Amino acid sequence: MNAMGVALSVMVAGYAAGACLAALAPSPRAARLITALGALVGGSGGLAAAIIVFATRSPYDVAFPNLVAAAGGVVLRLDLLGALFLALVAAISLPAAVYGITYTAAYEGRRSLRVFGLMFNGFLLGMCLVPCAGNVFTFLLAWEFMAVTSYFLVMTESDHPETRHAGLWYAAMTHFGFVLLVPMFLLMAPGADQTSFADLRAGAALLPAAVRSGVFVLALVAFGSKAGIVPLHVWLPRAHPAAPAHVSALMSGVMIKLGVYGLLRVAVDFLGTGPAWWGGLVLLAGSLSALGGVLYALAENDLKRLLAYSSVENIGIIFLGIGAGLVLESYGLHALALVGFGAALLHSVNHACFKALLFLATGNVDHQAHTRNMEQMGGLIKRMPQTATLFLIGSAAAAALPPLNGFASEWMVFQALLSGAQIPRPEVAIGTPLAVGVLALTSGLAAACFVKAFGISFLAMPRSEGAAHATESHWSTRAVMGVLAAGCVLLGLAAPRALGGLSRVLVSLSPGKSIAPAQTRAGVWLLSPHGIAQVSPLLIAALLTSVIVVVAAVMRVRGLELRHADTWGCGRIRQTPRMEYTSSAFAEPLRRIFSELYRPAEDLSVSVHAESPYFVRSITYTSQVVPWIETAFYDPVIRGTRALATHVRRLQAGSVHVYLLYITGALVVALAAAWWFE
Amino acid sequence: MSRFLALVVQTLVAVALAPALTGFIRWLKARLQGRRGAPPWQPYFEIRKLFGKEAVVSHTASWIFTATPFVVFSTAVVVASLVPLVVVPSGPFVAGDLFAAVYLLLLGTFFLALAGLDTGSPFGGMGASREMTVVALTEPTVALSIVALALNAGSTSFSQIVAHTLAEPSAALGSEHLLAFAALFIVTLAETGRLPVDNPSTHLELTMIHEAMVLEYSGPYLALVEWGAALKLLIFLALAANLFVPWGIALSFSPVALLIGLVSLIVKLAVLSAAVAVLETRVAKLRLFRVPELLSASFVLALLAVMSTFLAR
Chain A
0 MNAMGVALSV MVAGYAAGAC LAALAPSPRA ARLITALGAL VGGSGGLAAA IIVFATRSPY
60 DVAFPNLVAA AGGVVLRLDL LGALFLALVA AISLPAAVYG ITYTAAYEGR RSLRVFGLMF
120 NGFLLGMCLV PCAGNVFTFL LAWEFMAVTS YFLVMTESDH PETRHAGLWY AAMTHFGFVL
180 LVPMFLLMAP GADQTSFADL RAGAALLPAA VRSGVFVLAL VAFGSKAGIV PLHVWLPRAH
240 PAAPAHVSAL MSGVMIKLGV YGLLRVAVDF LGTGPAWWGG LVLLAGSLSA LGGVLYALAE
300 NDLKRLLAYS SVENIGIIFL GIGAGLVLES YGLHALALVG FGAALLHSVN HACFKALLFL
360 ATGNVDHQAH TRNMEQMGGL IKRMPQTATL FLIGSAAAAA LPPLNGFASE WMVFQALLSG
420 AQIPRPEVAI GTPLAVGVLA LTSGLAAACF VKAFGISFLA MPRSEGAAHA TESHWSTRAV
480 MGVLAAGCVL LGLAAPRALG GLSRVLVSLS PGKSIAPAQT RAGVWLLSPH GIAQVSPLLI
540 AALLTSVIVV VAAVMRVRGL ELRHADTWGC GRIRQTPRME YTSSAFAEPL RRIFSELYRP
600 AEDLSVSVHA ESPYFVRSIT YTSQVVPWIE TAFYDPVIRG TRALATHVRR LQAGSVHVYL
660 LYITGALVVA LAAAWWFE
Chain B
0 MSRFLALVVQ TLVAVALAPA LTGFIRWLKA RLQGRRGAPP WQPYFEIRKL FGKEAVVSHT
60 ASWIFTATPF VVFSTAVVVA SLVPLVVVPS GPFVAGDLFA AVYLLLLGTF FLALAGLDTG
120 SPFGGMGASR EMTVVALTEP TVALSIVALA LNAGSTSFSQ IVAHTLAEPS AALGSEHLLA
180 FAALFIVTLA ETGRLPVDNP STHLELTMIH EAMVLEYSGP YLALVEWGAA LKLLIFLALA
240 ANLFVPWGIA LSFSPVALLI GLVSLIVKLA VLSAAVAVLE TRVAKLRLFR VPELLSASFV
300 LALLAVMSTF LAR
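These protein sequences, in sequence, are chains A and B. Numbers 0 to 677, taken from numbering that gives the first Met the number 0, label the letters of the first sequence in order. Numbers 0 to 312, taken from numbering that gives the first Met the number 0, label the letters of the second sequence in order.
Everything hinted at is true.
Far from chain B, by Cβ distances over 12 Å, these chain A residues were calculated: (1) N65; (2) L283; (3) Q367; (4) W474; (5) T640.
Under 8 Å between C-beta atoms, here's a sample of chain A residues computed to sit facing chain B: (6) W410; (7) P432; (8) F453; (9) A459; (10) Q533; (11) I539; (12) H563.
Keep in mind the hints are simulated off the structure, nothing from the lab. The model shown is predicted, which means the values in this text are computed figures rather than measured ones. For each residue, glycine too, the CB sits at the ideal point set by N, CA and C.
Based on the sequences and whatever the hints tell you, model everything.
This is how it looks when you write it as structure tokens:
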């Protein structure tokens, strides 16, 4: 057994042992520790396997043909693309597992931590196996395993009605995607016994163009529902807030990226890209998701729902990169296309890092302030200084501010889209600049959104008792968040290096073709496709720091007198939290400007004094933003499904004789079909 | 080495000139309105005075409030080192391109908005909310203007864009250049808090955007914030001048070329700031909810600029 085999065995054994032993643990406390220990061992194994593949640059195959032989056996194949996503899963799972030790302590006595440990490790195992899968059966098995275990994790707090509601949405959407995956693979498979990914790749080359496009659209919808593109994103803002914080971090940071992995695997690896309209479709999906995600994030008052919508936005940015790559590839601009795919991969890694950090920080706030509603928070920077600083780093990265990591990948997406504008076709030459405009608006709105997320939650005065009495949470949670924050900074400063590493993945996706010169020249520079425009996050950081140091030194030498006083308030006597800007108020201008999109339901009732209408007794104002696009899109679907189910129910007569008739009928039809096709 | 020195000196010149630019606009506005007005160098006295005063910090404020002036000032300085002023920055000391400049300025605004919220004052929150709204809505126009310029030059780097316009003087009067210039000029007014989007000289809190956000600042902190804002104005005006009308900019490091570059920069800035001053005396402030209309008009201009680059090919 070689090193690779050992690493993969450790991964599977670690997770399996963590799951089984946690389920049998003697006490809740032991269950928590075993859960984390199993996840740590398994994650280290997975990370080691991914690193070995990266270092040797050769894929690793292992097959168990006798395991469920009827379905083609279990085949694992870890190539560079798979290794990247395996590394992503494993790397984020380590801090999440450590965080879980203290976070789940609050569940002791209220929930079964044994079941939680079982499902948590099962979830991680499923996620690690998806990028390792080498045939259809293994892939679908891992995919479904991941979906089912994560369903139970979402349902951890199943005594809340909204959690059960979220679980239903999640289960429905994830199985909708699964239902589309099966015909997609069926279309691609050349024969019943040829379901390995190599066969699919060979078979896809021989398919007629219409079938290839059919496969692509199925892949886009199926994997898009997992990734959370608009309008298939509905489960994200429901499931993410319901799950425990570290599970949300994994789901939002990593699990939705496996949708990106699936799309890249099918569209780029198996199908080897296609006509330009594929890219156009992905660009459209990406634009809708980016803009829709950030606009709904802005209107949100629940911090975790805000982050979930922000994940929709970031998936949109990733899809913009993929779409630009597909369009460029269809015009034979291979080197430029790789910039788009590279930008998408880089943003996947970056988003995983900062979104995991933000969800973990939110979990701390939720546990301390006992609320996820930003209108109830405030002043937490004084009560939880380190959590606040870490959340600020994550926010700045999410707003794509230099020199942090979000900036580097968004810059690459911009450059990829800009290359598209040079294609002399009217629809491309106008479409890609529009996508640039969408991306720019998205990043501006994201900055506004994260000013709100950080500013309203952490700054000024506490708006509730819970926020006023919050304290810093356990040191281990802050330590793992510190690791993730360091990741955000390092991935930003060393973005050219990271992109150099990703270029190996890109080369492996399309062997035999040359790679853009811009990406092989790793250094401190991110280079545009033609190498003319360049940006160096490292240099930007150095310049910013040196100017700040010089100015601060000058101020110190001159002497700075400080006096502390009350905030100025037009002569009012005392400042209270009620005077502060709230989350709703902050988003109000944008809510008005985009009112058509939000269509807020507002209700204002003023009760006046009986004597005179000029004396107001009380004013009640409620405003609620229900994403009407979601209801407009899904209500007919839900109604239709209900009506269909009512009709189908008539088949269930309850009589054994009728069922026997069905069975006989089915048998006759099957035999007739077999005879006919013979 | 001379290149590096030229860049450092040029950045310092920009930092030194910035207050004079705001002073000049104020002085010219006063003259146009029939007032005497303070002399153009008045902002230097104000900055000096503010640096000598004590700073009052709210009890509610956190370290964000005290760190923000440094971030705002330093982002403006770093952007000033990227943009073409007297010479075109090129070579290994230039940290970024047009996109990097836009995002660096966004970093400053991000912190300024946080500082506005930090004191818990309703004015700060209001300013922060409005500023972020305006900034978010200007981003697509800025990006599309960059695209229009970059499509001609084949790059988003400043030196390439300037070199392209110098090589093809007819491009400067091309429709795409004129449209992009108009779009960028509207954005300049919005981003730097000028009329008709924001009124830099208002004293009514409810009409303020930028000034409401920085209402709590005093002493040296206020000096840094104001200086940073002046530098931002200079950067935007210099961009509008040098990206579209680059003639006069120094192409070598000979003293004569540098002198011509400096003089032409000052002349261009004077012309543009005179335009701003005339505009500010002629138009009234727009209602906040009319601002998106202005900004979407600028977006359409930028989109037309991109389309005409395509049609011209």
